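Between the sequences and the hints, there should be enough to build the whole structure, so can you do that?
Read top to bottom, the protein sequences are chains B and F. Quick note on full-length UniProt numbering: the first sequence kicks off at 1 and runs consecutively. Quick note on full-length UniProt numbering: the second sequence kicks off at 1 and runs consecutively.
Hints in this document: simulated from the structure, not taken from any laboratory. This structure is a prediction, so every number in the text was calculated from the model and none was measured. Any given hint could turn out to be false.
It does not matter which identical chain is meant; a pair holds if it fits inside one copy or across any two.
Quick list of in silico lysine to any residue cross-link-like pairs, SDA-like style, CA-CA up to 20 Å [what the hints assert, rightly or not]: (1) Lys270 <-> Leu197; (2) Lys123 <-> Ala111; (3) Lys123 <-> Glu110; (4) Lys123 <-> Pro108; (5) Lys107 <-> Arg64; (6) Lys107 <-> Asp210; (7) Lys89 <-> Gln101; (8) Lys123 <-> Gln101; (9) Lys205 <-> Pro128; (10) Lys89 <-> Lys205; (11) Lys89 <-> Val178; (12) Lys123 <-> Thr109; (13) Lys107 <-> Pro128; (14) Lys219 <-> Ala151; (15) Lys123 <-> Ala103; (16) Lys246 <-> Gly36; (17) Lys280 <-> Gln194; (18) Lys89 <-> Ala53; (19) Lys205 <-> Lys280; (20) Lys270 <-> Gly67; (21) Lys106 <-> Asp212; (22) Lys89 <-> Glu47; (23) Lys38 <-> Asp27; (24) Lys219 <-> Leu150.
Protein chains: 2
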Amino acid sequence: MKHASHWTADPIELLRVGEQFRLSDIDPASTPGFDGDKKAGELALAEGADRLADLQEQLFAGSRMGGDQRRILLVLQAMDTAGKGGIVKHVMGSVDPQGVQLAAFKKPTEAELSHDFLWRIHKEVPGPGMIGVFDRSHYEDVLIARVRELAPPAEIERRYDAINDFERAQVASNTTIVKVMLHISGEEQRERLQKRLERADKHWKFNPGDIDERLLRPKYQEAYQRVFERTTTPDAPWFVIPADHKWYARLAVQHLLLDVLERMELDWPKADYDVEEQRKRLAKS
Amino acid sequence: MKHASHWTADPIELLRVGEQFRLSDIDPASTPGFDGDKKAGELALAEGADRLADLQEQLFAGSRMGGDQRRILLVLQAMDTAGKGGIVKHVMGSVDPQGVQLAAFKKPTEAELSHDFLWRIHKEVPGPGMIGVFDRSHYEDVLIARVRELAPPAEIERRYDAINDFERAQVASNTTIVKVMLHISGEEQRERLQKRLERADKHWKFNPGDIDERLLRPKYQEAYQRVFERTTTPDAPWFVIPADHKWYARLAVQHLLLDVLERMELDWPKADYDVEEQRKRLAKS
Numbered sequence: 001m002k003h004a005s006h007w008t009a010d011p012i013e014l015l016r017v018g019e020q021f022r023l024s025d026i027d028p029a030s031t032p033g034f035d036g037d038k039k040a041g042e043l044a045l046a047e048g049a050d051r052l053a054d055l056q057e058q059l060f061a062g063s064r065m066g067g068d069q070r071r072i073l074l075v076l077q078a079m080d081t082a083g084k085g086g087i088v089k090h091v092m093g094s095v096d097p098q099g100v101q102l103a104a105f106k107k108p109t110e111a112e113l114s115h116d117f118l119w120r121i122h123k124e125v126p127g128p129g130m131i132g133v134f135d136r137s138h139y140e141d142v143l144i145a146r147v148r149e150l151a152p153p154a155e156i157e158r159r160y161d162a163i164n165d166f167e168r169a170q171v172a173s174n175t176t177i178v179k180v181m182l183h184i185s186g187e188e189q190r191e192r193l194q195k196r197l198e199r200a201d202k203h204w205k206f207n208p209g210d211i212d213e214r215l216l217r218p219k220y221q222e223a224y225q226r227v228f229e230r231t232t233t234p235d236a237p238w239f240v241i242p243a244d245h246k247w248y249a250r251l252a253v254q255h256l257l258l259d260v261l262e263r264m265e266l267d268w269p270k271a272d273y274d275v276e277e278q279r280k281r282l283a284k285s
Numbered sequence: 001m002k003h004a005s006h007w008t009a010d011p012i013e014l015l016r017v018g019e020q021f022r023l024s025d026i027d028p029a030s031t032p033g034f035d036g037d038k039k040a041g042e043l044a045l046a047e048g049a050d051r052l053a054d055l056q057e058q059l060f061a062g063s064r065m066g067g068d069q070r071r072i073l074l075v076l077q078a079m080d081t082a083g084k085g086g087i088v089k090h091v092m093g094s095v096d097p098q099g100v101q102l103a104a105f106k107k108p109t110e111a112e113l114s115h116d117f118l119w120r121i122h123k124e125v126p127g128p129g130m131i132g133v134f135d136r137s138h139y140e141d142v143l144i145a146r147v148r149e150l151a152p153p154a155e156i157e158r159r160y161d162a163i164n165d166f167e168r169a170q171v172a173s174n175t176t177i178v179k180v181m182l183h184i185s186g187e188e189q190r191e192r193l194q195k196r197l198e199r200a201d202k203h204w205k206f207n208p209g210d211i212d213e214r215l216l217r218p219k220y221q222e223a224y225q226r227v228f229e230r231t232t233t234p235d236a237p238w239f240v241i242p243a244d245h246k247w248y249a250r251l252a253v254q255h256l257l258l259d260v261l262e263r264m265e266l267d268w269p270k271a272d273y274d275v276e277e278q279r280k281r282l283a284k285s
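Here is the structure:
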């Protein structure tokens, strides 16, 4: 693949969470499988953008004619500043907006809290032909909920199973699930938060609560480790992407999506009408 | 404005539907106010893209900090092939997907038909800081509904008033409404439909029903004329954009959005926390 020219190994395998995975083993500044620098990475991203746009259009087309029910759900999880927004803007931004279904899950509202935690999630699952993107997700309910004890331990335990059930049902409904955790170091996070405090055009991205969360980093790392152990399934794998280099994280997520789309063996759907007949009708119209 | 260098007159005024407006007076192949060619138009679009992205980010930022409630709703209406999808892809595609709320209104479902026609519309109005885009809209309920007599004449009449009431309420909730009709000629439409029939990668975009609709073109033109007469209001103006040249239509819609955003006199919101205090906290964290 042209967009993969600097890949020295398949990043899919390198980034996928396996049996003995330990989050603490991962270097957030590494660039697994890619031997190029930032410039090479940005070039590769630009090359991949066209391919991603083409494949997305085929996915979408198949849902509009021919009844292909397949869809993709990209779940993005990370500590603050790790670059979820950048993924949406720079990876998904290259795709026709009509084919992307984006859902950002904030602090739950009163109404949302009065239902099961998956209530608001179900409403946002992507339709056929779509690439759904969850900016935060149902995993918040076992991450911040665990760290800040927003629910009793038994309820948190129940949720891991509920999440696996939920995801299994989505996969059964022709959804390919890709779960990504963007992994940044504490030092890189400090620098990014500093930048937000230094620049007047970035102030709006900062919230004093970000520092409170930052102080809980060790607990979050534990909670993520637990998530990987409880919710890594063959059908809904986790990928941990080192994210100290924004360019690498973006390229890696793009690569995951390209991989999923290429495995789908997409093609333009065949006309479900008689092309010649319609040509004649049109000429007369 | 740099992006407006080929504009010989403000297209806003030229494209806005006024008192004596007649759709039949508009030449779909014209490029009002722009004296450049396709290449110049595409350059101007690329230049405007950065400006649009910047202003959109300020609009969004203001809603996240400082409580700015303003938002934009772009309504797109047109006959098939006129280029609504291209507007979404090439104009809105340059904006961060997180700031765009896109809603495509198809043939209503049974559930939607069992409610008032505005029921499904209300659910899709943009939130604060967002640019909402309606790909087709509540106007279908006085366009196809009128042409194909899907509702009695008295109900159609009632709907014009209901639409004006609805839009007035949106404007009162800090929404700037921009209503666009993309206007293509019958000949250009035939050519575009032909292309969809010729190319295997475009077959999915064609539907035999498109020709049925095409045959009703005169009735649609009448129905649009009636829409302009009944629902052109100072707060929710209509713009008719000649769309035989795709590049012109895209540039014109971008210009309308830039104009709206520039009038908002946006700026980065001021920090609602003590920046110095947070710097110190961060350094210690």
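Checked hints:
1. In this homomeric assembly, Lys270 and Leu197 come within 20 Å of each other (Cα to Cα) only across copies, at 11 Å, whereas the closest approach inside a single copy is 54 Å.
2. Proximity of Lys123 to Ala111 under the C-alpha cut-off of 20 Å is found in both arrangements, the shortest distances being 14 Å within a copy and 16 Å between copies.
3. In this assembly of identical chains, the alpha carbons of Lys123 and Glu110 lie at most 20 Å apart whether taken from the same copy (16 Å) or from different copies (19 Å).
4. In this assembly of identical chains, Lys123 and Pro108 lie within 20 Å of each other by CA distance both inside one copy and across copies; the values are 14 Å within and 19 Å between.
5. For a Cα distance limit of 20 Å, the shortest separation of Lys107 from Arg64 across copies, 14 Å, qualifies, whereas the shortest one inside one copy, 35 Å, does not.
6. For the identical chains of this complex, Lys107 and Asp210 are intra-copy neighbours only, at 13 Å inside a copy versus 44 Å across copies, given an alpha-carbon limit of 20 Å.
7. In the homo-oligomer, the alpha carbons of Lys89 and Gln101 lie at most 20 Å apart both inside one protomer (13 Å) and across protomers (14 Å), since each shortest distance falls under that limit.
8. In the homo-oligomer, the alpha carbons of Lys123 and Gln101 lie at most 20 Å apart both inside one protomer (11 Å) and across protomers (16 Å), since each shortest distance falls under that limit.
9. Only between protomers do Lys205 and Pro128 lie at most 20 Å apart by alpha-carbon distance; the minimum there is 16 Å, versus 33 Å within a single protomer.
10. Taking the shortest alpha-carbon separations for Lys89 and Lys205, only the intra-copy value of 15 Å comes in at or below 20 Å, while the best inter-copy value is 27 Å.
11. In this assembly of identical chains, the alpha carbons of Lys89 and Val178 lie at most 20 Å apart only when taken from the same copy (18 Å versus 25 Å across copies).
12. Taking the shortest Cα distances, Lys123 and Thr109 sit within 20 Å of each other both inside one copy (15 Å) and across copies (17 Å).
13. In the homo-oligomer, the alpha carbons of Lys107 and Pro128 lie at most 20 Å apart only across protomers (17 Å), although the nearest pairing inside one protomer, at 28 Å, exceeds that limit.
14. With identical chains, the CA atoms of Lys219 and Ala151 are at most 20 Å apart within one copy only, with a shortest distance of 15 Å there and 60 Å across copies.
15. Taking the shortest alpha-carbon separations for Lys123 and Ala103, both the intra-copy value of 10 Å and the inter-copy value of 15 Å come in at or below 20 Å.
16. Taking CA atoms no more than 20 Å apart as the test, Lys246 paired with Gly36 passes inside one copy only; the shortest distance there is 14 Å, against 39 Å between copies.
17. For the identical chains of this complex, Lys280 and Gln194 are inter-copy neighbours only, at 10 Å across copies versus 65 Å inside a copy, given an alpha-carbon limit of 20 Å.
18. For the identical chains of this complex, Lys89 and Ala53 are neighbours both inside a copy (14 Å) and across copies (11 Å), given an alpha-carbon limit of 20 Å.
19. Taking the shortest alpha-carbon separations for Lys205 and Lys280, only the inter-copy value of 18 Å comes in at or below 20 Å, while the best intra-copy value is 57 Å.
20. Taking the shortest alpha-carbon separations for Lys270 and Gly67, only the intra-copy value of 11 Å comes in at or below 20 Å, while the best inter-copy value is 49 Å.
21. Taking CA atoms no more than 20 Å apart as the test, Lys106 paired with Asp212 passes inside one copy only; the shortest distance there is 17 Å, against 45 Å between copies.
22. Taking CA atoms no more than 20 Å apart as the test, Lys89 paired with Glu47 passes in both settings, with 16 Å inside one copy and 18 Å between copies.
23. Taking CA atoms no more than 20 Å apart as the test, Lys38 paired with Asp27 passes inside one copy only; the shortest distance there is 17 Å, against 49 Å between copies.
24. For the identical chains of this complex, Lys219 and Leu150 are intra-copy neighbours only, at 14 Å inside a copy versus 60 Å across copies, given an alpha-carbon limit of 20 Å.
Comparing the model with each numbered hint stated earlier shows that all of them hold.
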